[in-house]
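Residue numbers (our numbering), protein chains in the order written: chain A, 1 to 181; chain B, 1 to 253.
Bear in mind the hints are in silico, worked out from the structure with no lab data behind them.
The beta-carbon is built from N, C-alpha and C at its ideal position, and this holds for glycine as well.
Treat the hints with caution; some may be incorrect.
Stated by the list, open to error - Here are some of the chain A residues that sit facing chain B, going by a computed Cβ distance under 8 Å:
1) Thr74
2) His77
3) Phe163
4) Gly165
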Amino acid sequence: MPGDKPKGTEVHRSGEGASSRELPAWLTRRLEGCPRLKRWPHPAAVHFPIVFLWSTTFFALIYLWTGNQSFESTSFHCLGGGVLSLPGAILTGLATHRLNFPGESGSITWERRLSWLLLALAVTAFAWRWANHRVLLELKGASFLYLALVLTLTPLVTVTSYFGGLLTYPLEAGPPETGAP
Amino acid sequence: MADREKKITPTELAAADGAAGRRAHVAFEDRVYDVGVSGLWAGGQHMGVHQAGADLTAEMGDAPHGPEVLERVPQVGVLAAVVNPGPPSASRPFLPGGVLGRLLRRYPLLRRHPHPMLVHFPIVFLLAAPAFSLLYLATGNPSFETTAFHCLAGGVLFTPVAILTGLFTWWLNYQARPLTPVRRKLILAPLLLAVAAAALIWRLVDPEVLRRGFPGPARLYLGLLLALVPLVVAVGWYGATLSFPLHGPEGER
Chain A
1 MPGDKPKGTE VHRSGEGASS RELPAWLTRR LEGCPRLKRW PHPAAVHFPI VFLWSTTFFA
61 LIYLWTGNQS FESTSFHCLG GGVLSLPGAI LTGLATHRLN FPGESGSITW ERRLSWLLLA
121 LAVTAFAWRW ANHRVLLELK GASFLYLALV LTLTPLVTVT SYFGGLLTYP LEAGPPETGA
181 P
Chain B
1 MADREKKITP TELAAADGAA GRRAHVAFED RVYDVGVSGL WAGGQHMGVH QAGADLTAEM
61 GDAPHGPEVL ERVPQVGVLA AVVNPGPPSA SRPFLPGGVL GRLLRRYPLL RRHPHPMLVH
121 FPIVFLLAAP AFSLLYLATG NPSFETTAFH CLAGGVLFTP VAILTGLFTW WLNYQARPLT
181 PVRRKLILAP LLLAVAAAAL IWRLVDPEVL RRGFPGPARL YLGLLLALVP LVVAVGWYGA
241 TLSFPLHGPE GER
């Protein structure tokens, strides 16, 4: 933990296979000057699409439950926030993969595939709602497809962030055997 | 099958650095593990920070996970200088007794994940509230102001839950040690909640507070909303230093 244990000695080792070796010299210097640029941008960026896309579903359901149209507007605004912030999260994720995980793992592969699918669905729903602002207000016919798109966002975000979370907080292999530290 | 008690010298350990197809071994509390089987150690590096071929005992405390993750890779020996390494249970994480202990054994996910999962919500909601308020002031579209109000309510609802899970994580994973980032969060997070709650109550009592025009109380209300931004950033920053600690000069604080 910071502050109460000895620190490691190196800042960024460039071992064999580390992709940072292939980076332009100016970028390598920049990363060595500010190491948090190597690891922090993606975890910071992912907050936004996760919450905005969850909220899109949540506020749409609140609207359907209450009939209060302001919740439908909030759902649309959150969808806009998700569509705007998701590309930044994907790009920082690709950079994090290149800089910190030279290899490929199942979690990374799934996270990447699901992110692109999530972006496609979110953009489709946003464009639809932008073109027809009454799509959810008059729930009939094709509107159910829009609602399905909006409802799909939450499980998709959850699964995508689950795979991302496994990289930072790996699940423990099994139950610890002892109680006290 | 590897001999778990095979003596491995520091020189042999250093040679197993995972580079150029070599084996990737790390030592932790005198035991040597083969991390080459893990995709997270490709090329002998982990997270661009930790290097195979070294004793990582001192660095483990900086990781967002505990030493239990080493149970997922095979032990291939012990450091040669060590005759009788201590029992592995010494490195096991703290686990309370009773119902909570049984729950954590059954669902290890509950140990570290609840707080990082929940903090997304107050962070984004409390940044979105001032952002949508500014969007309203820029465009005059009142629906943005309503969205700001909904986000503010979301932030006020989720902040106490995030604080409680943070306290739980602190107790369970750090044994409530007085870490500098945690001590600062213990001051800033309640302050954040107080400011957000004050703004929410004001907006509930006076829904037109921002719509009546700028002179007067609207400035103070907007000031409260804007104050959320540095508070959220500071709380999130100190949280990030726990999950993603830095090494070297920038990391030494």
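Taking the numbered hints from earlier one at a time, note which ones the structure violates and give those numbers from smallest to largest. 3
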